[in-house]
Structure formats: C-alpha cells, structure tokens
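Undergrad: What follows is each chain in one-letter form.
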Amino acid sequence: MAIIELRELEYQYEESDEKVLKGLTKDVHRGEWLSIIGANGSGKSTLSRLFNGLSQPTEGSVHVLGKNTADDKALQMIRQEVGMVFQNPEHQFVAPTVRDDIAFGMENAGVPREVMLERIKEVSQWVNIEHILHMEPHRLSGGQKQRAAIAGILALRPQVMVFDESTSMLDPNGRKEILETMSRLCRESGITIISITHYLEEAFKSDRIWFMKAGRIEKDITTKNIPDQLEWMEAEGMPLPYKYQLYQEVKKRRIDMRTLRTMVEGE
Amino acid sequence: MDVNFQEVSHVYMQKTPFETLALKNVNAYFRASSVTAVIGRTGSGKSTLVQHINGLLKPSAGVVSVGEHHLEAKTKRKTVKAVRSHVGMVFQYPEHQLFEETVEKDLLFGPKNKGMDVAEIQKKLPELLQQVGLSESLLKRSPFELSGGQMRRVAIAGVLATNPDILILDEPTAGLDPQGQKEILKLFMNWQRTYQPTTIMITHQMEEAAAFAEYMYVMEDAEIKMQGEPETIYAQRKKLQEMDLDIPEQVQVLQQIEQDSGIRFPHYQLSPAEAADYWRRAVQNGGVPRV
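These protein sequence lines are chains A and B, in that order. If you're matching positions, the first sequence starts at 1 in full-length UniProt numbering and goes up one per residue. If you're matching positions, the second sequence starts at 1 in full-length UniProt numbering and goes up one per residue.
There may be inaccurate statements among the hints.
Per the computed footprint, the stretches of chain A lying under chain B, defined by three or more beta-carbons under 8 Å from a beta-carbon of chain B, are [stated by the list, open to error]: (1) 167 to 175; (2) 244 to 254.
Below, computed lysine-lysine pairings styled on DSSO-like, alpha-carbon distance capped at 27 Å [said to hold, decoys possible]: (3) A/Lys176 with B/Lys225; (4) B/Lys123 with A/Lys176; (5) A/Lys176 with B/Lys182; (6) A/Lys176 with B/Lys239.
Hints are computed from structural coordinates only; laboratory data are not their basis. We put the beta carbon where it would ideally sit given N, CA and C, even for glycine.
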C-alpha cells in the first residue's frame with residue numbers, strides 16, 4: 001500500500017532553465033526501506049525535500065497518507081508524519097542539551113508535558129542515548145549526534161523517516177550505528193524508511209532501490225534482484241563492492257564459488 | 001626527507017584541571033619518499049601526531065626529527081619556521097580555507113608565505129591545475145563560484161604549489177562521494193609517483209589506506225597500538241575490531257574464501273579478475289575440493 005505517491009512530479013529551480021526532476025510517477029510503500037541512489041546532480045536531494053513539503057513541485061503532485069503536500073492545511077500533519085534527518089549532524093540542534101533538544105520538537109507540536117517525559121525516556125532507550133541526555137550536543141561523536149537527532153524526530157511518532165545522506169559525514173563506526181538504527185526502525189517499529197545515499201553497499205541493505213540519473217528514476221529494483229542487475233550497474237560505472245565484482249568475474253569464467261554465491265545471493 | 005618520532009608525548013592544557021595526555025610515548029619512523037597511513041578512530045591522537053611534524057604542536061617530551069631539524073619542547077621559533085618550509089599540510093575540508101579573490105591568488109598564497117619565487121611558480125600554475133584535474137581557465141575565477149569538488153582541488157593545489165618534501169594529508173577525501181574520493185586519491189598517487197614527497201595520510205578508511213600506503217600505524221588512546229605493512233595489520237582482525245576498525249572489504253572477502261575452501265591467495269591486493277583466475281587455476285589443478 002502506498003504511503004507516499006508521486007504523480008507526474010517535476011521540479012525546476014527558479015534560476016535554472018533545466019528541470020532537476022522530470023515526470024516522476026512512483027509510490028513509496030508502507031513499511032518498506034527504500035534507498036535512493038544517484039550521482040551528484042541526479043536530483044535525489046531535491047526529491048528528498050519534496051517528501052514532506054519542504055519544497056513544492058513545479059508540476060505534478062506529492063501525496064502523503066492521501067494528503068497533497070501543496071495543501072497548506074495538511075502541511076503540519078505531513079511534517080509530523082514525515083521526519084527528516086539531514087547530512088550534517090552539527091546543523092540539527094537548537095537546545096543546550098540532548099534532552100532539551102528532544103523536548104523542543106514536541107513542545108512545538110503541542111505534546112503535553114507528562115507525555116513528553118515519557119517519550120523522551122522511550123526514544124532515548126530506543127536509540128541508546130540515555131547516558132548522554134544531559135550532554136551538550138556539540139560534544140557528542142558524529143554517530144551519537146545523528147542518533148540524538150533521530151530521537152528528536154522519533155518522539156513525534158512519524159510514520160515515515162527520510163535520511164538525506166545522513167551517514168556521509170560520519171566515520172565508519174558512526175555509519176554502522178546509523179545503518180543499524182535505520183534497519184531497526186523499519187523492521188521493529190514498522191516505520192517507512194527512505195534513505196538517500198551515495199553508497200551502493202548501504203543501499204544494498206535496504207528492500208528496494210531507486211537509481212536516479214538526470215532527474216529520472218532510471219531503475220527501480222528490489223534488493224533480491226541485485227545479482228541480475230550487477231552487469232547494468234557496472235556498465236553505468238557504479239563502483240561495486242569487491243565481492244560483487246568478484247562474483248561477476250567468477251560468473252564470466254563459468255566456474256562456481258560457493259562462498260561467494262552465498263554472500264551475494266543469500267542462503 | 002625522513003621524519004622520526006622518539007619517545008614523543010604531548011599533554012594538552014598542562015597543569016590545568018583539563019590536562020589530557022594526547023600522545024603517549026610515541027615512536028614512529030616515516031622513511032623519505034614513502035607513503036604511510038595513520039589510522040584510528042576519532043580522538044585516537046592521529047591528528048595530534050601529525051601536527052607535531054610542522055610544529056603546530058611541540059612535544060611535551062621527546063624529540064620529533066624532520067630531516068636535520070629537531071623539534072623539542074624548548075625548540076626556538078626559527079627552527080620551527082625552517083621545518084615548516086618543508087611541510088605541506090592538507091587539512092580536513094581544506095576548501096573552507098580558501099579566501100582570495102581569484103583561484104590564482106589563492107594558489108600563490110602558500111608559496112608567497114614561504115618566501116618562494118612567486119613569478120617562477122606562477123608560470124607553473126597551468127600545469128599544476130592540470131595535475132589536480134582542473135582547467136587552466138579557472139585561474140581568474142573566484143574560488144567561491146566553483147563546485148565543492150573543484151574547491152577541494154584548488155585547496156589541494158595550493159598546498160602542492162610549494163612542492164613540499166613532506167606532504168601531510170588529514171582525511172583528504174572526507175565528505176566526498178565515492179567517485180570523488182577515488183579521484184582525489186588518484187591525484188595524490190600520481191603526485192607521489194612524480195615528486196616523491198614523504199607522504200603521511202590520516203584516515204579512518206582502511207580501504208583508502210590499503211590502496212595507497214606501504215606502511216601503517218594504528219592509533220588508539222593516544223598510543224600507537226599496531227604497526228606494519230598492510231598484510232601484517234590485516235592478519236589481526238580481532239584486534240582491529242576492538243578499536244572500531246576493520247579490514248577492507250576486499251580482504252574480508254578473500255579471507256572468507258580462503259577459510260571456506262582451503263585455497264591460499266598469494267596476497268590480498270588481487271583485482272577481481274586476478275582473484276577469479278587464481279581460483280580457476282586452483283580448481284583445475286585440483287587444489288580446491290569441489291563444492
């Protein structure tokens with residue numbers, strides 16, 4: 001079932017004469033983990049801003065839970081249902097401590113105080129930041145900062161979370177933390193995850209991938225079908241992780257390597 | 001030019017309640033014209049280490065030798081200045097340090113600062129730009145009109161313009177997309193081949209270290225915990241994981257295949273095609289049980 005519907009979506013920046021997004025018609029399904037991958041300038045970041053009405057389409061429409069993001073009356077509901085985690089963890093904090101920061105979003109949304117305390121406890125346990133609630137956000141590691149930002153959004157009980165290159169400024173350990181968090185949000189809490197990324201190996205962990213190129217969704221594949229798409233990805237010049245490159249080489253030689261087959265195709 | 005650390009310690013904010021030991025008794029040697037990677041998680045001390053090489057920090061104890069110069073706690077500014085003229089440092093997000101009106105002025109700032117012959121270097125700028133993958137036509141443009149990737153290249157070229165004997169790279173590819181990371185790394189590899197500086201690269205990406213460095217130091221809690229050639233480091237996966245590091249994906253895959261099949265690869269830098277060929281030969285020679 002669709003939770004977000006894109007219809008004939010087009011986007012053009014005012015100062016530019018070329019469209020960044022060209023006629024996208026697609027659904028995001030409830031409960032899935034969708035990755036959107038593409039080079040710089042492919043339109044993926046522009047698209048991410050349309051999911052919760054941060055930008056409005058030039059043509060066509062975006063519906064979230066059946067409501068048009070162009071409808072001002074629905075916008076507040078949409079922003080609450082679709083949470084955004086951005087690239088730079090430094091830029092997401094407004095309050096002096098992590099706890100205050102989580103509270104800030106709820107205060108804005110008019111959540112009663114008793115409920116707020118309850119939720120802070122719940123979400124901080126969930127992303128494992130209870131021990132740093134009293135700290136100043138800028139003193140945290142990159143991964144901790146992103147988890148604190150996630151907690152602030154989770155407290156508003158969204159149905160969808162959009163991660164806009166949220167791992168790209170983190171070290172490998174921070175990246176792992178955030179990827180695991182995304183996976184748990186989707187698998188355990190049933191939140192629909194949309195992650196925008198440069199990294200194939202991250203996209204491969206999700207359920208479905210949209211490959212964007214020059215403002216269009218060039219391909220829409222489920223990650224079960226990755227082995228069949230490797231040749232195409234190579235031809236497009238995408239840097240495949242080593243095991244997939246080796247898998248291709250082994251296949252070309254018509255030999256078998258069980259270890260590799262298990263790694264790539266699953267059990 | 002060699003760089004040698006002997007029993008070097010560094011204490012931040014000494015004799016205050018905030019006193020922190022940032023380097024603990026470090027011994028390290030960077031051979032002239034070699035490429036070394038310094039790896040470790042955020043806060044492990046790797047930036048503190050390299051900041052001693054150009055005198056941004058002085059040792060609290062021990063000696064850092066850079067060529068014929070020795071840097072110690074009480075070293076005079078004159079010596080620090082002499083050392084600094086040999087060292088080029090590419091900081092993290094170097095593009096944040098661009099400030100001149102034109103790319104050309106920015107590129108000449110470093111050489112001018114080091115008292116080099118600016119007119120001579122100006123003549124070489126078109127070649128330099130080409131070496132970092134930029135067009136000569138950018139020279140008269142404002143650096144702030146360029147894309148992020150182009151700005152990074154200009155900033156790097158500004159450091160390379162002085163042709164330093166010692167080149168320090170602090171996470172030079174941070175924040176770039178995978179394609180951009182590859183290109184920047186390749187740029188440094190080509191530079192290394194041509195001018196052969198002593199290169200020291202800080203990174204938390206094992207892949208990057210593996211592609212470029214012939215020797216590695218792994219840091220944790222202000223100390224050097226491991227050192228050696230890449231193969232030696234990869235053999236100690238568990239120890240790496242305890243420090244939130246891991247061996248490169250390529251090595252993981254090849255090691256897993258070795259473990260499952262009993263085959264031994266000659267080394268772990270095999271390209272996918274080479275690894276597949278090696279496997280096929282091993283199977284044909286009966287070296288691998290049919291599975």
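Undergrad: So, for every hint listed, does it hold in this structure?
TA: Hint check results:
Counting residues of the stretch 167 to 175 of chain A whose beta carbon lies closer than 8 Å to any beta carbon of chain B gives 5, which meets the minimum of three for the stated coverage. As drawn, the stretch 244 to 254 of chain A meets chain B at 7 residues by the rule of a beta-carbon pair under 8 Å; at three or more, the given contact holds. A hinted pair counts as satisfied when its Cα atoms are at most 27 Å apart, and A/Lys176 with B/Lys225 qualifies at roughly 23 Å. Distance check on the hinted pair: B/Lys123 and A/Lys176 sit about 47 Å apart at the alpha-carbon level, beyond 27 Å; violated.
Pair hint A/Lys176 plus B/Lys182 holds up; C-alpha atoms about 21 Å apart against a cutoff of 27 Å. Between A/Lys176 and B/Lys239 the alpha-carbon distance is near 18 Å, which keeps this suggested pair within the 27 Å criterion.
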